[in-house]
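Q: Residues per chain are reported as follows:
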Amino acid sequence: MLLNKNKVIVACAGSGKTTGIVKEALKLGKQRVLITTYTNENLDQIETFLIEKTGCIPANITVQSWFSFLLQEGVRPYQNQKTERGRVESIFFIKNTKDAGKLKENLRYIPELKDSHYLTEKNYIYDDKVSKFIYKCDNRSKGLISKRLEKIYGSIFIDELQDFAGYDLNLLEILFNSHINILAVVDPRQATFSTNTAQKNRQYRKSEIYLWLSGEKSKNKIIIEEINNCYRCNQQICDFADKLFPDLPQTVSKNTRLTGHDGIFYISSKEVNAYISSYNPRILRYSKKTKTLGFCAINIGLSKGRTYDRVLIFPTKPMLEYLKTKELSKAGDKTKLYVAVTRARYSVAFVVD
Amino acid sequence: MTMIKKIFIQNYKIFSRFDLELNSDLNIIVGDNEVGKSTILEGINLALTKRLNGRYAEYELTPYLFNRKCVDEYLKSIEEGNLSQLPKIIIELYFDENTELESLRGSMNTKKEDCIGIKLEIVFDEDYKEEYEKLLKKRSEIKLIPAEFYKVQWYSFANKSITLRSLPVRLSYIDATTIRLQSGADYYLQDIIKTDLDAKERVELNLAYRKLKELFSNQESIMGINNKLTNKKGAITDKSFSISIDISQKSNWETNLVPYLDDLPFQLIGGGEQSALKIMLALERKAEESNIILIEEPENHLSFSSMNILLEKIENKCKGKQIIIATHSAYVLNKLGLEHLILLRSNNNTATLKNLPSDTQNYFKKLSGYDTLRLVLAKKAILVEGPSDELIVKKAYLLKHNKLPIKNGVDVINVRGLSFSRFLDIARELETNVLVVTDNDGDYAKKVDEKYKDYRSFSNIKICRSKNNSAPTLEPQIVAENGQEVLNEIFGTSYENQESLKKYMESNKTECGLKIFETDRTIRFPKYIEDAIE
Numbered sequence: 001m002l003l004n005k006n007k008v009i010v011a012c013a014g015s016g017k018t019t020g021i022v023k024e025a026l027k028l029g030k031q032r033v034l035i036t037t038y039t040n041e042n043l044d045q046i047e048t049f050l051i052e053k054t055g056c057i058p059a060n061i062t063v064q065s066w067f068s069f070l071l072q073e074g075v076r077p078y079q080n081q082k083t084e085r086g087r088v089e090s091i092f093f094i095k096n097t098k099d100a101g102k103l104k105e106n107l108r109y110i111p112e113l114k115d116s117h118y119l120t121e122k123n124y125i126y127d128d129k130v131s132k133f134i135y136k137c138d139n140r141s142k143g144l145i146s147k148r149l150e151k152i153y154g155s156i157f158i159d160e161l162q163d164f165a166g167y168d169l170n171l172l173e174i175l176f177n178s179h180i181n182i183l184a185v186v187d188p189r190q191a192t193f194s195t196n197t198a199q200k201n202r203q204y205r206k207s208e209i210y211l212w213l214s215g216e217k218s219k220n221k222i223i224i225e226e227i228n229n230c231y232r233c234n235q236q237i238c239d240f241a242d243k244l245f246p247d248l249p250q251t252v253s254k255n256t257r258l259t260g261h262d263g264i265f266y267i268s269s270k271e272v273n274a275y276i277s278s279y280n281p282r283i284l285r286y287s288k289k290t291k292t293l294g295f296c297a298i299n300i301g302l303s304k305g306r307t308y309d310r311v312l313i314f315p316t317k318p319m320l321e322y323l324k325t326k327e328l329s330k331a332g333d334k335t336k337l338y339v340a341v342t343r344a345r346y347s348v349a350f351v352v353d
Numbered sequence: 001m002t003m004i005k006k007i008f009i010q011n012y013k014i015f016s017r018f019d020l021e022l023n024s025d026l027n028i029i030v031g032d033n034e035v036g037k038s039t040i041l042e043g044i045n046l047a048l049t050k051r052l053n054g055r056y057a058e059y060e061l062t063p064y065l066f067n068r069k070c071v072d073e074y075l076k077s078i079e080e081g082n083l084s085q086l087p088k089i090i091i092e093l094y095f096d097e098n099t100e101l102e103s104l105r106g107s108m109n110t111k112k113e114d115c116i117g118i119k120l121e122i123v124f125d126e127d128y129k130e131e132y133e134k135l136l137k138k139r140s141e142i143k144l145i146p147a148e149f150y151k152v153q154w155y156s157f158a159n160k161s162i163t164l165r166s167l168p169v170r171l172s173y174i175d176a177t178t179i180r181l182q183s184g185a186d187y188y189l190q191d192i193i194k195t196d197l198d199a200k201e202r203v204e205l206n207l208a209y210r211k212l213k214e215l216f217s218n219q220e221s222i223m224g225i226n227n228k229l230t231n232k233k234g235a236i237t238d239k240s241f242s243i244s245i246d247i248s249q250k251s252n253w254e255t256n257l258v259p260y261l262d263d264l265p266f267q268l269i270g271g272g273e274q275s276a277l278k279i280m281l282a283l284e285r286k287a288e289e290s291n292i293i294l295i296e297e298p299e300n301h302l303s304f305s306s307m308n309i310l311l312e313k314i315e316n317k318c319k320g321k322q323i324i325i326a327t328h329s330a331y332v333l334n335k336l337g338l339e340h341l342i343l344l345r346s347n348n349n350t351a352t353l354k355n356l357p358s359d360t361q362n363y364f365k366k367l368s369g370y371d372t373l374r375l376v377l378a379k380k381a382i383l384v385e386g387p388s389d390e391l392i393v394k395k396a397y398l399l400k401h402n403k404l405p406i407k408n409g410v411d412v413i414n415v416r417g418l419s420f421s422r423f424l425d426i427a428r429e430l431e432t433n434v435l436v437v438t439d440n441d442g443d444y445a446k447k448v449d450e451k452y453k454d455y456r457s458f459s460n461i462k463i464c465r466s467k468n469n470s471a472p473t474l475e476p477q478i479v480a481e482n483g484q485e486v487l488n489e490i491f492g493t494s495y496e497n498q499e500s501l502k503k504y505m506e507s508n509k510t511e512c513g514l515k516i517f518e519t520d521r522t523i524r525f526p527k528y529i530e531d532a533i534e
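Chains as they are written, first to last, in our numbering: chain A, 1 to 353; chain B, 1 to 534.
Think of the hints as simulated: they come from the structure by calculation, not from any bench.
With the C-beta cut set under 8 Å, the calculated list includes, among others, these residues of chain B facing chain A:
#, residue
1, S103
2, G106
3, K112
4, K160
If the Cβ cut is set under 8 Å, some of the chain A residues that face chain B in the computed set are:
#, residue
5, R76
6, R87
7, L144
8, K151
9, I152
Being a predicted model, the structure only gives us computed values, none of them experimental.
Think of the CB as a built atom: it goes at the ideal place given N, C-alpha and C, for glycine as much as any other residue.
Based on the sequences and whatever the hints tell you, model everything.
A: Dropping the structure here:
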C-alpha cells in the first residue's frame, strides 16, 4: 500500500510540473488537498493556474507556502507539548537581519533543550529551526501533529521539492509514513533556493536531494517517476542545458516549432541594442549587482517557473568561463545557469565580450 | 454538527476556575441567584461570537468582567510592592468530534488536551507596556484592573486566529430578561432572520430595499423640494444640494426594516411574545447546520399556556440542536426532563440528575406542577405529607432553635400526597440532606421501614416515623403526647375524651395545625418529630 501512496516525479524544466500538480489536485473531487511550495513566486503561479482552470480556488484545495503551512499546522497547534512560551508569533528570518553571521554563530551554542534554541525573545521562531521544532514536537507528543494533519488533509502536493532541506526532509519522512497521499515534483537541476541552512541533512542539500530520494525509494517509501519530455524548450536548448548535469537523464524536446532564430547564440555588448530591437528577448541577470548596460532585467532566481519566447542572459564570470572552456568545475552556480537557459522556447543569447 | 462537550471559564465574573460538561442535546441550568447561570450563557456567546452585550467585546471591556478573587490577589500583591502579572480571562469551548472542524484541533488549551475547540482570552496588550509602567509608578492609585490596556484574542486550539467565517456554528442567544428595544430589528433578531435567508434571498431583500429608497426621491413632492433646494446653490456651497435617503452600503435594511406581527411593529409587542418568537425562529432552523441555542429564563413574560406551547416546541424541535437553558421555573425543568438538569452550586461546583430513574423522570414530566426545584436548590430539606404536618414541624423547629427552619437553610416541603420516593430519588442523586417525616399508618415495620428500605444505605437520607403503631398519624401522636386538656385549651374546645378530640382534629387538620403553630402555650411533640428537627 505504501508503495503507491507516495509519488515523487523527477522532471526537467519545461515538462509542465506545476500545471501537472494542479490538474492532479482538481481530479480529487471533494478530498481536502494542500498544495505547497517554497517560493511565493511559485505559489502565485499555482494560484493563477487554478484560477485559469476553475475560476477560483476550489474550497477543498488550500494553497499555502511551506513556511506558512509549517507555522500554522505544524508549530502552533501543539506548541505547548514542547514549550511553555506563549503563542509563536511568526518566523524570524535570520538572513534578513544585520548581523546574520554573528547571530547564527551565537545560536549554535544554545542547547536544544532551551526554548531560546528555537525562539527569539518575542516568540518568533528562527527560520532554520521551524521544521526541527515540529519534528521534535511530533516525536514528543507521540505523533499528535501528524495525526491532526491526517484528519485535515487527504493529500499533500509539493512543488519544487528540490528547495527543501534539513529537517524538512525528516518531516517529509513522517508524511510518507502517514495516511496522507504525497505527490511531489522535483527538478534537482533547479535547486536555486533552500528553505533553510540547518546543518541537518547537509549532504542532501540542493541537487544532492536525488540521493535522499533514492534512499527513500529503496526503503519502499516512495515511487519515483521520471519525466524527461520538455514541452517548452527546443532540442538545441535542451541539449545545452543537459550538458550541465551529465549524470542525469537526457531531455527530449517536444517543441519542434521553428522561428528562423532558434538555439543558442553569443553576441557582444555592442550588438545588444540591435539584438533587443530585432528579437525582443527577456533579459536575465544573476543578481541586482550584475551590470546589464542599463537594460531592465529580472533575477534568474525569480524567473523560475516562467516561460519566455527568447531570453538574453548577462552571464557571471564563472558562467563565461564555462561557456569558453565547457569545464563544469568552473561553471559556478550550475543551477542558476540551468534555470536561465530553460526559460526560453526558441532562443537563448549570451552577452560575451 | 458542532456540539460543545465541555466549557472552561477562568477569572470571568463569578467564576474563578470553572469546568462544566454539557449534554449534546438539552441542558437546563438551575441554581440560586448569583451562582452564575447567566454568566455561563454569556460566556458561551462571548466565545462563539466575540460579542458581549450585543457589541464587539473590545468595546465592552470593563474592570468588572474580572473575577473578584483574581482582582483582589492582583491588587494585594501590587500593594505589597510586587510586580505581579495582570490576570487574564479565559473561556474555552471543547467541541465533540467533527470532521468538518478538524482544523480547530490542537492542544493549545489550559488542559493541554488534544481536542477540537476554540478559546477567547482577554489579556494585557503588550502594546500598552509603557503606559502600564507609568501607571505602576503611582501604584497606590490602582484600585481596579486597568481594563483599558486589555485586548481580546480569539484563537482555535491550534492557535490560529478565528473569523466568524471559519467557525461554521450557528448560535442563537435569546435573553427574555432584557429584550432590547432598538430602532429596527435588534442584533439578535437580525441575525436570526439573516441566517434563515439563503444568499439569493438576502440579495433580493437588499435590492428591493434600495429600489424603495430610489422610489422615494422620484416622488413628485420630493422632486419639488429638491428643485427648490437646488436653487439655493451658491448660498451654502457651489455643489448642487438635495435630500434623499441614504443608500450607501452602511444603511441597509437591518437598520430600517422592522418585523411586524399582526400589523404591530416587533418592538411594540409584549416581551414574552418577542422572546417566544425568537426561540421559535431559532428552533425552526435546518438541522444540517450546527445549531447552538442559548435561552435565558424562557418563563419570563409568558403566560402559563403560552409557556406550555413553547416548551412543547422546544421538546419536539430540539433534535440535532444543542440547547442550553437557564431557568428559575420548576415547571420548565419538570416539563423538559429532570435528567437534563445541571445544578450550579455556589462554590463553582455542579451536579446532574443523569441517573435519575426513568419512571421518576416521566412522573414529573406528567405532573409538572411539583416544586422539584425547591428540593434541588435546598441545602437541607424536611419532607412532610400535608399542610398540618408542615405547620407542626415548623413549630417544633421554632421552639427548639428560636428560628424558622428556612432561616437556617432548611426547607420544609409538603409533598402533597406524592410518594416520598420520587423526591428521594432526586435527593439521592444530588446528595442533598433530606429528612422524611411520615405517619406509620399503624404498621411502622411494613408501611414505612419496608417501603423505604432502598434508601436506608444513603447517609444523606433519614426517615423519621413513630414506632407506636396505636397512633397511626400525626394527630393521635400529638394527642398521646399532650393529653386532651392542653389541646382543648389551644383549640378552644372542650372534648371529654381523647377519642372525640382525635376525631375533631382529623376532620380539621389544617385549622388545628395553624392553632398549634400560633399558640404560646408549651406543647410537646412526638419523639420522631423531635428527632427530625435535631
